[in-house]
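Residue numbers (this note's numbering), protein chains in the order written: chain R, 419 to 715; chain D, 81 to 307.
Read the hints as simulated data drawn from the structure, not as lab findings. Hints should not be assumed to be uniformly reliable.
[As the list claims (entries may be wrong)] Calculated lysine to aspartate or glutamate pairs in the EDC-like style (CA-CA distance at most 16 Å, straight line):
{"id": "1", "chain 1": "R", "residue 1": "K629", "chain 2": "D", "residue 2": "E249"}
{"id": "2", "chain 1": "R", "residue 1": "K615", "chain 2": "D", "residue 2": "E159"}
{"id": "3", "chain 1": "R", "residue 1": "K615", "chain 2": "D", "residue 2": "D173"}
{"id": "4", "chain 1": "D", "residue 1": "K132", "chain 2": "D", "residue 2": "D287"}
{"id": "5", "chain 1": "R", "residue 1": "K556", "chain 2": "R", "residue 2": "E500"}
[Claimed, not checked] Covered stretches of chain D (in silico footprint by chain R; criterion: 3 or more residues with CB under 8 Å from a CB of chain R, positions within the stretch not fixed):
{"id": "6", "segment": "155 to 162"}
{"id": "7", "segment": "172 to 180"}
{"id": "8", "segment": "284 to 298"}
[To be verified] Here are some chain D residues the structure puts well away from chain R; computed CB gaps all over 12 Å:
{"id": "9", "residue": "E91"}
{"id": "10", "residue": "T108"}
{"id": "11", "residue": "P122"}
{"id": "12", "residue": "S123"}
{"id": "13", "residue": "G124"}
{"id": "14", "residue": "R142"}
{"id": "15", "residue": "R166"}
{"id": "16", "residue": "E184"}
{"id": "17", "residue": "A187"}
{"id": "18", "residue": "D218"}
{"id": "19", "residue": "L224"}
{"id": "20", "residue": "L263"}
{"id": "21", "residue": "R271"}
{"id": "22", "residue": "M272"}
Being a predicted model, the structure only gives us computed values, none of them experimental. Glycine is no exception: its CB is placed at the ideal position from the N, C-alpha and C atoms.
The residues making up each chain are set out below.
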Amino acid sequence: MSARSVHPPQEAALLPHKLRNVRALWVVLSIMALLACCALLFARGSLRLSEDWQSQLSDTLTVQVLLEDIQDWTPQTSLARETLGEVFPGADIDVLPQAQARELLQPWLGNTSLPDSLAVPGLITLTGPDLNQATAQKALEAAGLRVNIDDNTRYADELGRTARRFVSIGYVTLLLMLIAGLSVNIFATRAGLIAQKDIIRVLVQVGASDKFIARLFIRQALRRGLIGAAMGVCIAFLLWLGLSLLGGWGELGWTTLSAGLVDTLWLVGLGCVFALICAAAAGVTTIRQLAFERRRL
Amino acid sequence: MSSLPDLVNFERVALRYGRGPEVLTEATLDLPQGSFTFLTGPSGAGKSTLLKLCYLSLIPSRGLIRMFGKDSALLTNAERQAIKRRIGVVLQDFHLIEHLSVYENVALPLRVAGQSRAAYHTDLVELLDWVGLGHRLDAYPPTLSGGEKQRCAIARAVIAKPDLLIADEPTGNVDPEIGRRLLRLFSEMNRMGTTILIATHDTHLIDELDARVLRIEKGQIFTGKAI
């Protein structure tokens with residue numbers, strides 16, 4: 419629409435949209451956003467994986483029935499099985515056959531064969547909800563059995579610690595990428611201020627406040643950040659979707675729709691935070707740079 | 081002599097760029113409210129420097145500058161910006177923003193002041209018609225001639241009806257007819273109360289009006305065209 423028409427034309431952007439090298443900046447920001455998204459997905463996936471493993475382990479008890487004589491193997495493992503069945507009626511109870519229990523000891527003895535009279539402990543695995551080591555121990559001892567019960571706590575704790583390290587690595591990487599994004603935007607804004615110093619000089623001359631000028635750069639950086647973040651989020655989403663569909667990544671990928679949806683929401687949130695960081699960096703840098711230039715007068 | 085208060089007041093103002101010699105040494109000047117003043121002097125005498133001090137683009141090395149009754153050294157940021165919005169400036173090199181149309185360039189002071197486009201659209205088109213740019217509203221500065229750029233810069237300086245208009249060689253690039261028309265515009269603005277300070281070499285322009293003439297020489301300001 420011509421400016422002469424009765425209706426005033428729309429206000430043009432005071433800073434030019436098409437800047438030289440802006441595409442290179444978009445690429446850099448997209449890669450940063452992508453890496454930040456991957457770090458977030460990795461951290462969240464590690465958390466899911468650890469929770470899955472720990473939940474699997476917390477649903478399992480392994481009972482060793484200690485014997486004086488190998489002849490007692492069948493009656494005592496049967497007694498243990500019955501007792502456990504009464505205490506945990508909903509649990510799956512598997513008694514490892516004696517031959518397999520002996521095979522488990524074989525690696526410890528090398529080529530030497532086990533003597534037939536060796537009192538190999540009976541091994542019983544319980545799987546189910548609400549299993550409790552103390553309850554099982556009490557019931558089995560009351561039945562006159564000598565037992566060792568492993569509720570996998572030590573293993574689960576170790577897994578938890580390892581998983582927490584992975585989650586921390588993911589979040590630290592995410593934080594580093596956001597800091598890198600912030601730094602790139604500070605640099606880009608300074609370069610923008612230098613490249614557009616003629617425009618700024620005119621704006622200052624007509625009485626524009628620092629905030630007015632900062633708002634122009636904030637808008638520009640927000641747009642730049644949103645484009646970079648959108649590209650990064652989309653690529654990260656497709657990458658994770660592809661990995662999940664390929665399989666073999668367990669809970670690190672998306673095994674359920676809800677995991678995918680929640681992670682996608684996190685990605686969108688991260689994209690918004692990324693863009694806001696870009697905008698904030700531009701605003702603060704502009705205000706500081708203008709104040710610095712004024713002091714130099 | 082006007083009894084109105086001074087809009088601009090310089091007391092023994094000196095200015096040097098970096099470690100160079102003083103461009104202005106003992107400049108004393110007053111611009112009473114509603115006055116029309118020509119500033120003349122040889123090239124390199126410090127006319128542009130003096131104007132820059134007047135529109136707060138430079139800070140003096142020493143001396144006192146009072147703008148609108150306030151010591152310029154004590155102005156806060158907000159006060160400085162508010163004063164700048166009361167000053168219209170036309171520079172020799174125009175300072176137009178290249179990616180903005182003539183319309184947008186002229187509208188700039190009003191946008192910065194927060195006025196809505198609907199509020200100023202008609203006045204702006206009228207002003208551009210008046211300075212002879214009515215047919216070039218949508219044109220961009222790189223496509224304008226020197227004279228058109230100058231008129232665009234003048235329109236931008238006067239659109240917000242400033243209290244003080246500072247112009248550096250405003251008729252340097254325009255033909256005599258447009259020059260006279262611009263002078264009429266300045267004269268009309270002055271009649272409406274705007275204080276005008278024009279730096280020029282053009283003696284014909286100075287002769288057109290019965291206005292005060294200041295001469296800058298060797299860093300000092302004298303009254304009258306020449307010794």
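For each hint, the structure was consulted:
Proximity of K629 of chain R to E249 of chain D is assessed by CA-CA distance (about 32 Å); at most 16 Å being required, the pair is judged violated. Annotation: proposed proximity of K615 of chain R to E159 of chain D is violated, straight-line Cα distance about 22 Å (limit 16 Å). Note on K615 of chain R and D173 of chain D: the hinted pairing holds, with a Cα-Cα distance of about 15 Å set against a maximum of 16 Å. With a C-alpha separation of about 25 Å, the suggested pair K132 of chain D and D287 of chain D falls outside the 16 Å cut-off, and the hint is violated.
The straight-line distance between the Cα atoms of K556 of chain R and E500 of chain R is roughly 14 Å, inside the 16 Å bound, and the hint therefore holds. Interface restraint, the segment 155 to 162 of chain D with chain R: holds (4 residues with C-beta to C-beta distance below 8 Å; minimum three). Figure legend: the segment 172 to 180 of chain D, annotated as covered by chain R; annotation consistent (5 residues with Cβ-Cβ distances under 8 Å, at least 3 required). Remark: the segment 284 to 298 of chain D is not confirmed as covered by chain R, as 0 of its residues place a Cβ nearer than 8 Å to a Cβ of that chain, below the required three.
At roughly 20 Å from the closest C-beta of chain R, the C-beta of E91 of chain D stays outside 12 Å, upholding its exclusion from the interface. No Cβ of chain R approaches the Cβ of T108 of chain D within 12 Å, the least distance being about 22 Å, so the stated non-interface status holds. Taking the minimum C-beta to C-beta distance to chain R, about 26 Å, the non-interface status of P122 of chain D holds against the 12 Å cut. Taking the minimum C-beta to C-beta distance to chain R, about 23 Å, the non-interface status of S123 of chain D holds against the 12 Å cut.
Consistency note on G124 of chain D: stated as away from chain R, and its beta-carbon is indeed over 12 Å from all of that chain's, at 22 Å minimum. Distance check on R142 of chain D: its Cβ is at least 15 Å (rounded) from any Cβ of chain R, clearing the 12 Å threshold; non-interface status holds. With a least beta-carbon separation of about 8 Å from chain R, R166 of chain D fails to lie farther than 12 Å from that chain, contradicting its non-interface assignment. For E184 of chain D, the condition that its CB be more than 12 Å from all CB atoms of chain R is violated, with the nearest at approximately 5 Å.
A beta-carbon of chain R is positioned within 12 Å of the beta-carbon of A187 of chain D; the least distance is around 8 Å. Under the 12 Å C-beta cut-off, the non-interface status given to D218 of chain D relative to chain R is violated; the minimum distance is some 5 Å. Look at L224 of chain D: its CB is around 15 Å from the nearest CB on chain R, clear of 12 Å, so calling it non-interface holds up. With a least beta-carbon separation of about 23 Å from chain R, L263 of chain D lies farther than 12 Å from that chain, consistent with its non-interface assignment.
Non-interface call for R271 of chain D relative to chain R: holds, since the shortest CB-CB distance, roughly 24 Å, exceeds 12 Å. The claim that M272 of chain D lies off the interface holds: its Cβ sits roughly 20 Å from the closest Cβ of chain R, which is beyond the 12 Å cut-off.
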